[in-house]
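Trainee: Sequence:
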Amino acid sequence: MNIPYRLLACALSLVGCISFPVLAQLSANPPIDSAPTAASAVPQPSSTAQQLYAAAQQDLLQLRVLLKNGNSQSSVGSGFLIGTSNLVVTNFHVVSQIALEPDTYFGEYKDTQGKSGAIELLAVDVLHDLAIVRIARQGTGFFTVPHTPGDEQQPALESLSQGEKLYSLGNPLDLGFTISEGTYNGISARGFSDQLMFTGPVNPGMSGGPNVTADGQVAGVNVAHRRDGELVSFLVPAIYVQQLLARVSSDMTPPTDFKPIIGEQLLQHQAVMVDTLLDKPFSIKQLGPYAVPVRESDQVRCWGNSDSSSKKAYTVASINCSMEAAIFVSGDLQTGHVTMRHQYARNRKLNSLQFAQLTSKMFGSQVYSTAKSDTITPAACTESFVAHNAISLRALVCAEAYHKFKDLYDFTLITASTDDSQMSLQSMINIQGVSYANGTRLIEQFLQGIDRRTGQDKPAASNDGEAAQ
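Taking mature numbering (1 follows the signal peptide of the UniProt record, and there is no 0), I'd label the letters of the sequence shown as residues -24 to -1, 1 to 445.
Think of the hints as simulated: they come from the structure by calculation, not from any bench.
Just so we're clear, the structure is a prediction, and the values are computed from it rather than from any experiment.
Among the hints, erroneous ones may be present.
The following label-pair restraints were derived from C-beta to C-beta distances [unchecked claim]:
1. Asp150 to Ala94: 13 to 23 Å
2. Glu206 to Leu151: 19 to 29 Å
3. Ile237 to Gly307: 17 to 27 Å
4. Ser341 to Ser411: 27 to 37 Å
5. Lys288 to Asn47: 51 to 61 Å
6. Pro354 to Leu149: 36 to 46 Å
7. Asp283 to Lys141: 41 to 51 Å
8. Asp251 to His364: 22 to 32 Å
9. Ser411 to His364: 21 to 31 Å
10. Trp279 to Ser341: 16 to 26 Å
11. Cys357 to Asp283: 52 to 62 Å
Even glycine gets a Cβ: it sits at the ideal position worked out from N, Cα and C.
With the sequences and hints as input, model every part of the structure.
Mentor: In structure tokens, the structure reads:
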């Protein structure tokens, strides 16, 4: 039995790129509300929001990515002009197609007055989901992000107070430019770089738009929202915009190929990620008589589950751990992510052949597809039987190389215990976007943590959803 598990990365939605299929899901005949009564009078618009939008609108842009063949729209996001320059800040995921496939895609902007023009990609920061593009017009000076971190004009993260009003600007769902009021609610450290938590709407199409304080200072850049929550949104802090702008000038020549730049940034990230994951030994949890390794930290969350109904012919308990953030590279590739899973099955009423067939099916269901892909090579796999600690294991290791990014790989290790015909421990670690050396480091440490504690055969896990202890 394969117990489904929660991957919060699936609940985190990058909101900059909206495609026609998404728009097609909007109702063609929206419901018509009845006339409001006096008791349900429309609230007065915030005067602060009105003033901010009036002052900012000339420097607020919609960014569109289009196919060169046919000039049809592929994705839509937002952006904003910096100072009086011709530089525009947006999210990388808004313009990623231009960076990766410049022969296929091009970009253009449209301002609040309906004027449009070409955009030119100058710089990217994949790790913080930022990009700088150049256009053929200057800003009015409303949005100012100083190049020097700590500049007195730019509020530091610690100067924002929880509950402080923030204002998000952009073009949601390609419906028109808007400003939305919300509140700052601290820093999220669920990834390997900080994001600001914004309790307010950040809808598809608003990615790359500015988020400002009541006095118009840029606090961050709209980047994502949680699909499994209400008004749970995230911003890229302005400090990372400062750092990227420091590497860009208005008259610079853009790179001819962004793929080596992106690849180098991904290699930098994986080095930090793996060092952080291995800076201390894995925690050890118990599933039946087996000891299994997990990592619980700010970046990784674990859950447990147990299916031990007395009516079933076997019981299954599981522990699942997953990083809560990944690096967006393209619509087909999110990387810099690690998941772990342990499943413990114990026979109750099946004969030996039936239980062996069950556990074989469980093992096979964990093997990842090796179908042809434009992003990674077919998996190269090695299977062997391993005896270490007090346990014997069947182990399958697979590696896949990235087509466009040198020295980056995905690794998967799947193991199954072979030391007891009436119980089975199956473990998996999937590692995305690491060097070959770091992939093998993680696999070795994970494998080393799997053990059997002789003489112990404890209940698998409780039904309360927490990981077994």
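Trainee: If a hint holds in the structure, say so; if it does not, say that too.
Mentor: Here's how the hints hold up against the structure:
no.: 1; hint: Asp150 to Ala94: 13 to 23 Å; result: holds (19 Å)
no.: 2; hint: Glu206 to Leu151: 19 to 29 Å; result: holds (20 Å)
no.: 3; hint: Ile237 to Gly307: 17 to 27 Å; result: holds (19 Å)
no.: 4; hint: Ser341 to Ser411: 27 to 37 Å; result: holds (29 Å)
no.: 5; hint: Lys288 to Asn47: 51 to 61 Å; result: holds (58 Å)
no.: 6; hint: Pro354 to Leu149: 36 to 46 Å; result: holds (38 Å)
no.: 7; hint: Asp283 to Lys141: 41 to 51 Å; result: holds (47 Å)
no.: 8; hint: Asp251 to His364: 22 to 32 Å; result: holds (25 Å)
no.: 9; hint: Ser411 to His364: 21 to 31 Å; result: holds (25 Å)
no.: 10; hint: Trp279 to Ser341: 16 to 26 Å; result: holds (19 Å)
no.: 11; hint: Cys357 to Asp283: 52 to 62 Å; result: violated (29 Å)
Of the numbered hints listed earlier, the single one contradicted by the structure is hint 11.
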